[in-house]
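There are 2 protein chains.
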Amino acid sequence: MKKNIQPSNITYPQPIALVTCCDPDGNDNIITIAWTSNVSRVPPIVMISIGGEKYSYRLIRETKEFGLNIPCSSILEKADFCGENSGEQINKFEKTGLTKIDSSVIKPKLIWECPINYECKVIDIIKIGGGNIIFGEVVSCMTDENILDENGTVSVEKLDTFAYINKGYFALGKCFAKRGFSGK
Amino acid sequence: MKKNIQPSNITYPQPIALVTCCDPDGNDNIITIAWTSNVSRVPPIVMISIGGEKYSYRLIRETKEFGLNIPCSSILEKADFCGENSGEQINKFEKTGLTKIDSSVIKPKLIWECPINYECKVIDIIKIGGGNIIFGEVVSCMTDENILDENGTVSVEKLDTFAYINKGYFALGKCFAKRGFSGK
Chain A
1 MKKNIQPSNI TYPQPIALVT CCDPDGNDNI ITIAWTSNVS RVPPIVMISI
51 GGEKYSYRLI RETKEFGLNI PCSSILEKAD FCGENSGEQI NKFEKTGLTK
101 IDSSVIKPKL IWECPINYEC KVIDIIKIGG GNIIFGEVVS CMTDENILDE
151 NGTVSVEKLD TFAYINKGYF ALGKCFAKRG FSGK
Chain B
1001 MKKNIQPSNI TYPQPIALVT CCDPDGNDNI ITIAWTSNVS RVPPIVMISI
1051 GGEKYSYRLI RETKEFGLNI PCSSILEKAD FCGENSGEQI NKFEKTGLTK
1101 IDSSVIKPKL IWECPINYEC KVIDIIKIGG GNIIFGEVVS CMTDENILDE
1151 NGTVSVEKLD TFAYINKGYF ALGKCFAKRG FSGK
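The listed protein sequences derive, respectively, from chains A and B.
Under this note's numbering, think of the first position of the first sequence as 1, with each following residue one higher.
Under this note's numbering, think of the first position of the second sequence as 1001, with each following residue one higher.
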């Protein structure tokens, strides 16, 4: 039986990304984001949505750059911490012990412990409902060599990241199939 | 060691949603979408990105409504099929055998076999790079009763959905922790 329930947020798996940003003086911050998606393949563009006038949103709006760092499960607790606390009060790099590394193109730092690091330049920001939607073009990307397979592409198993759904962090399980397996 | 690679799409888990839409005469279609995200909590708003001038994009642009149906793993092959083929050539409900059910508020049908069904009204569409970004407010929601836990909330285990990453469909594995477990 189907049952009507109150419309609310969509219940489906979303990624977790650690978004790095900084103020004009180069003071760094990290915010953990689940509301993010690819939105364009060529050029590569990503969307992040930040609710309200959060500190990180104000930084990104001002500097127009951010890093998007994909965590592995061994730093899950640090990722959670960066989502539950505001960088206005604390220095999250210091508190978590995460290691900052220089970006190639943008001013915000990237996170060493994250196996994939994207550098993004803001191309648009719009307000939709309670969300501030930031669109960033991916201008550079780094990965850990040890998460690549023999073809030089990212191995999902070696990446060992996780998904967020219904306020829980879930491991990725077995691969059911590859896209296109159903045939045309 | 970190290695620079060509900027491309973000490698992280995204959801799979079966988006239902129809033409003004009520001819139904289904498109499978991974590029989707929550973007606003109050009011509840979802984003979907459709690359190029696809048939479903043209339908949604015209009728300003769509259903967002969350699949369970038992219909994965049908979900894949609806992403690999265009509704301009074939009737995807007929081809897949998926069961259409009436919506409460919108004209597009919903999919019976999907344990959660959201009804969305388009509030904005913008073009970013190669993506047509559609924002829909969730105006109604139905779930299968048998995926609810004893508190009446959706059980991720019972929902049995999957995530999409690097062109593969992955099961959700164990729950590592709930949001906030790191403490403040």
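Just so you know, these hints were derived from the structure itself, not from any lab.
Each hint should be verified, as a subset may be incorrect.
[Said to hold, decoys possible] Below, computed lysine-lysine pairings styled on DSSO-like, alpha-carbon distance capped at 27 Å: (1) Lys1064(B) with Lys127(A); (2) Lys1167(B) with Lys1078(B); (3) Lys100(A) with Lys1078(B); (4) Lys1078(B) with Lys1003(B); (5) Lys1167(B) with Lys174(A); (6) Lys1167(B) with Lys3(A); (7) Lys158(A) with Lys1003(B); (8) Lys2(A) with Lys1002(B); (9) Lys1158(B) with Lys3(A); (10) Lys1158(B) with Lys1178(B); (11) Lys1100(B) with Lys1127(B); (12) Lys100(A) with Lys127(A); (13) Lys1100(B) with Lys3(A); (14) Lys1178(B) with Lys95(A); (15) Lys1127(B) with Lys174(A); (16) Lys1064(B) with Lys1002(B).
[Claimed, not checked] Stretch by stretch, here's where chain B covers chain A in the computed footprint (C-beta under 8 Å, at least three residues): (17) 33 to 42; (18) 61 to 68.
[Stated by the list, open to error] A short, non-exhaustive set of chain A residues, derived as facing chain B with CB atoms under 7 Å: (19) Lys2; (20) Gly26; (21) Ile75; (22) Leu76; (23) Ser140; (24) Ala163; (25) Gly168; (26) Phe181.
Since this is a predicted model, take the numbers as computed values, not measurements.
Beta carbons are placed, not taken as given, at the ideal position from N, Cα and C, and that holds for glycine.
These are the hints, each one checked on the structure:
For the given pair, Lys1064(B) sits about 19 Å from Lys127(A) by alpha-carbon distance, which is consistent with the 27 Å threshold. For the hint linking Lys1167(B) to Lys1078(B), the alpha-carbon distance of about 16 Å falls within 27 Å, and the restraint holds. A C-alpha spacing of about 44 Å is found between Lys100(A) and Lys1078(B), which places the hinted pair above 27 Å, so the restraint is violated. About 38 Å separates the Cα atoms of Lys1078(B) and Lys1003(B), which puts this hinted pair outside 27 Å; it is violated.
With a C-alpha separation of about 14 Å, the suggested pair Lys1167(B) and Lys174(A) falls inside the 27 Å cut-off, and the hint holds. Simply put, Lys1167(B) and Lys3(A) have alpha-carbon atoms about 33 Å apart, too far for the 27 Å limit, and the pair is violated. Simply put, Lys158(A) and Lys1003(B) have alpha-carbon atoms about 15 Å apart, close enough for the 27 Å limit, and the pair holds. Between the alpha carbons of Lys2(A) and Lys1002(B) the distance comes to roughly 49 Å, so the proposed pair goes past 27 Å and is violated.
Taking the CA atoms of Lys1158(B) and Lys3(A), the gap is about 15 Å. The hint holds against a cut of 27 Å. For the hint pairing Lys1158(B) with Lys1178(B), the CA-to-CA distance comes to about 17 Å; that is within 27 Å, so the pair holds. For the proposed pair Lys1100(B) and Lys1127(B), the alpha carbon gap of about 30 Å is over 27 Å, so the pair is violated. As the CA atoms of Lys100(A) and Lys127(A) are separated by approximately 30 Å, the hinted pair breaks the 27 Å bound.
Restraint check: the Cα-Cα separation between Lys1100(B) and Lys3(A) comes to about 16 Å, which is no more than 27 Å; the hinted pair holds. Taken as a hint, the Lys1178(B) and Lys95(A) pair is honoured in the structure, with Cα atoms around 20 Å apart against an allowance of 27 Å. Restraint check for Lys1127(B) and Lys174(A): not satisfied, since their Cα atoms lie roughly 35 Å apart, outside the 27 Å limit. Restraint check for Lys1064(B) and Lys1002(B): the C-alpha separation of about 45 Å exceeds 27 Å, so the hint is violated.
By the rule of at least three residues with a Cβ nearer than 8 Å to a Cβ of chain B, the coverage given for the region 33 to 42 of chain A holds, with 9 such residues. Three residues within the 8 Å Cβ limit are the bar, and the region 61 to 68 of chain A against chain B gives 1, so the coverage statement is violated. About 5 Å separates the beta-carbon of Lys2(A) from the nearest beta-carbon of chain B, less than 7 Å, and the hint is met. Because the beta carbon of Gly26(A) sits about 21 Å from the nearest beta carbon in chain B, more than 7 Å, this interface hint is broken.
Taking 7 Å as the C-beta contact cut-off toward chain B, the hint placing Ile75(A) at the interface is violated, the least distance being around 11 Å. Given the 7 Å rule on beta carbons, the hint for Leu76(A) holds: about 6 Å separates it from the nearest Cβ of chain B. Given hint, Ser140(A) at the interface with chain B, holds; its Cβ is 6 Å from that chain's nearest Cβ, closer than 7 Å. Restraint check, Ala163(A) versus chain B: the minimum CB separation of about 4 Å is within 7 Å; hint holds.
Taken as an interface hint, Gly168(A) checks out: its beta carbon lies about 5 Å from the nearest beta carbon of chain B, inside 7 Å. The restraint placing Phe181(A) at the interface with chain B holds, with a minimum CB-CB distance near 6 Å, inside the 7 Å limit.
In the structure shown, a violation is registered for the earlier hints numbered 3, 4, 6, 8, 11, 12, 15, 16, 18, 20, 21, in ascending order.
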